[in-house]
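Undergrad: Chain by chain, the residues:
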Amino acid sequence: MPPVFQGIVTILVGVGGCIAYFWVSNWLLDRVIFPARGPNIGRNINRANLLRPWLFMFPAIFVLGLYLAYPVFGSFVRSLYNRAGTEFIGLGNYMTLFAEAGFRTAVFNNFLWLLVVPAAATALGLLAAQLTDRLSWGNIAKSMIFMPMAISFVGASLIWKFVYANNADIGLINAIRDLLGAERPVDVIQIPFWNNFFLMFILIWIQTGFAMVILSAALRGIPEETIEAAILDGAGPVRLFFSVKVPQIMGTIVVVWTTITILVLKVFDIVYTMTGGNFGTHILPSYMMSFMFRDDGRATAVAFVIMLIVLPVMVWNIAQARRDMR
Amino acid sequence: MDNIAGQKAGLTWAVNIAVAALVLLWLIPTVGLFVSSFRDRDQISATGWWKAPMPVELTFRTRVAAADQEPTATGYAISGNVFADPSQARWFPSGSGTVTRFGTRGAAPTEFEAGTEAELRTGGTLTIADDGSFLLQNDESFERPVTLYFEARTPPQFTTANYRTVLTADGMDRAFLNTLTVTIPATVIPILIAAFAAYALAWMEFPGRALLIAAVVGLLVVPLQLALVPLLNLHNRIGIGQSFLGIWLAHTGFGLPLAIYLLRNYMVGLPRDIIESARVDGATDFQIFVKIVLPLSFPALASFAIFQFLWTWNDLLVAKVFLPSAAESQVMTVKIADDLLGSRGGDWGILATAAFVSIAVPLLVFFTLQRYLVRGLLAGSVKGG
Chain A
8 MPPVFQGIVT ILVGVGGCIA YFWVSNWLLD RVIFPARGPN IGRNINRANL
58 LRPWLFMFPA IFVLGLYLAY PVFGSFVRSL YNRAGTEFIG LGNYMTLFAE
108 AGFRTAVFNN FLWLLVVPAA ATALGLLAAQ LTDRLSWGNI AKSMIFMPMA
158 ISFVGASLIW KFVYANNADI GLINAIRDLL GAERPVDVIQ IPFWNNFFLM
208 FILIWIQTGF AMVILSAALR GIPEETIEAA ILDGAGPVRL FFSVKVPQIM
258 GTIVVVWTTI TILVLKVFDI VYTMTGGNFG THILPSYMMS FMFRDDGRAT
308 AVAFVIMLIV LPVMVWNIAQ ARRDMR
Chain B
-12 MDNIAGQKAG LTWAVNIAVA ALVLLWLIPT VGLFVSSFRD RDQISATGWW
38 KAPMPVELTF RTRVAAADQE PTATGYAISG NVFADPSQAR WFPSGSGTVT
88 RFGTRGAAPT EFEAGTEAEL RTGGTLTIAD DGSFLLQNDE SFERPVTLYF
138 EARTPPQFTT ANYRTVLTAD GMDRAFLNTL TVTIPATVIP ILIAAFAAYA
188 LAWMEFPGRA LLIAAVVGLL VVPLQLALVP LLNLHNRIGI GQSFLGIWLA
238 HTGFGLPLAI YLLRNYMVGL PRDIIESARV DGATDFQIFV KIVLPLSFPA
288 LASFAIFQFL WTWNDLLVAK VFLPSAAESQ VMTVKIADDL LGSRGGDWGI
338 LATAAFVSIA VPLLVFFTLQ RYLVRGLLAG SVKGG
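Line by line, the protein sequences are chains A and B.
In this text, residue positions in the first sequence follow our numbering: the first is 8, and each later residue adds one.
In this text, residue positions in the second sequence follow our numbering: the first is -12, and each later residue adds one.
A few of these clues could be false.
In the DMTMM-like style, the derived pairs of lysine to aspartate or glutamate whose C-alpha atoms are separated by at most 25 angstroms in a straight line are [claimed, not checked]:
1) A/Lys252 / A/Glu235
2) B/Lys38 / A/Asp194
3) B/Lys38 / A/Glu190
Simulated from the structure, these hints should not be mistaken for lab results.
Given these sequences and hints, build the entire structure.
TA: Structure representation (structure tokens):
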């Protein structure tokens, strides 16, 4: 069966199945199990209403449990076993990892990414949001800066591979160097240590638009009175921005920052496409993929290290969500 | 607000220029890719895409047969025009052009300026004039054919040949269909599941609701990497293996937290009166959901659909793990990252074209439905956070 046809059948079966599930289960609940008639009508309606939320949520809970909650435990358990999964070796995989220079490089690089990318994307996004705010062509400018959001990490990497190309007739960077009188082109993605920043810039390029859109909405939400008062008190544009506007949108800045932080821990595509982890550019997600299909024990151990890094953000997010709900 | 106080014209100018610079920096790499995808492959490696509208100097070679020689007063000579070579007809359809430099060796094809005289290593001299006419002279007769190298100005060429190659010979058409096959079910199915769950979390009272919402928020940030090994093993055990069914299920699972979160945030903000009055009129939860909440939630549904579409279309990680690596089930991202970058590493025209084919649909979706995308982002980040 060709995949396209298979896809159409899946849509029909999936969508039809979902609708059928919700409809049939509701029908069963209301008509057969707890019918809203007969001597126990009151009790039946109450019981049906008690059960119904779980009917509505069952598919979601099932899928979430299987595809996101179970793997947290499944991965942890798997990381305690050896490569073939036959022998329990405790923290053996973690010990091997920490003893490896490659893993330490990946952790170091990953912290570098975590430090630089969210900060740079948020700062640039804030700058773009503020500058485009009252510009006549601001919306077009925003649209252009936002556009990389739609491009895949692979596509973006390819776009930047052109810019970074080790050839003054293809790569923009080397062309500019050539114009300034450099003798030979350099391969920027092979310069030790600094190559990481060239890879990071790709993600910053993608994420600035995201930060800009959200921060721009936050800036618009600032009460006009506070700005007017500051201007009347003689605050200049810079002072106005840093002392009046930024403090008022601090909450949103933190949200943007953490969202990009989480993203940084998921993106393996850029490193994979640009260098394949060579030249000392591995980060944890790409390092994990280098063990995928070869050593499940080590791969899950790396994945669990990523989970441990994410954990504080997760706890903070949950606390924040619970506070908002009250 | 603009002109209340302290706003100077100079400042406005500075802002305009800064934004223009930022936009240019953001746009230029993509424009470069787009331009490159339409350039001739020889011209791509000869000059940068920013010189695309200008003529390009390319080097060519042509062989002159020894049989063409004629005796002269001082020895032998071969004359003719380098542009007459049929193998260069693609570049010089009229049979004429401008030679800028020429050479006698492949190692230095642009050693001499047009019009000057060069010594041949095998004996004799060579002159190529700028109109392409050449003259080979020697005291003795030429025994073997002579190869001439020359650099000529070629007009800028824009072609769709790269697109034809990528879409027919390189299997991107198959990869495009595969991407589409992965994306559509993986976008549609989570929406339905999430919508019901979001309604329950927003408008139904039951014990443990707050806990479930917290769990969804927590699952929102679970790194995908954790799910790969256990789920692939699970798929293998229950017989799904690496297949389209597997990747649809995986994308559904990974997309659900965001879907539930976005939709719940939106549904909770729907006017309470409408839902209460429907309840009083005797509508069941199922009816309220299908007839009232679902249609009213269209903007949120659209936002999530766009997110999920972009995410599944652009995904590399999940496709690499949950789909077989054979060519017939590769999606475009895998095709580019694993196949083209390896086998076509130096062929910039093909790479640019493949990249552009893969980002064309997301860009189209982005520019037509940007409104919903922005709204979804705002609902997910500002309100909830």
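Undergrad: If a hint holds in the structure, say so; if it doesn't, say that too.
TA: Here's how the hints hold up against the structure:
no.: 1; hint: A/Lys252 / A/Glu235; verdict: holds (12 angstroms)
no.: 2; hint: B/Lys38 / A/Asp194; verdict: holds (22 angstroms)
no.: 3; hint: B/Lys38 / A/Glu190; verdict: holds (21 angstroms)
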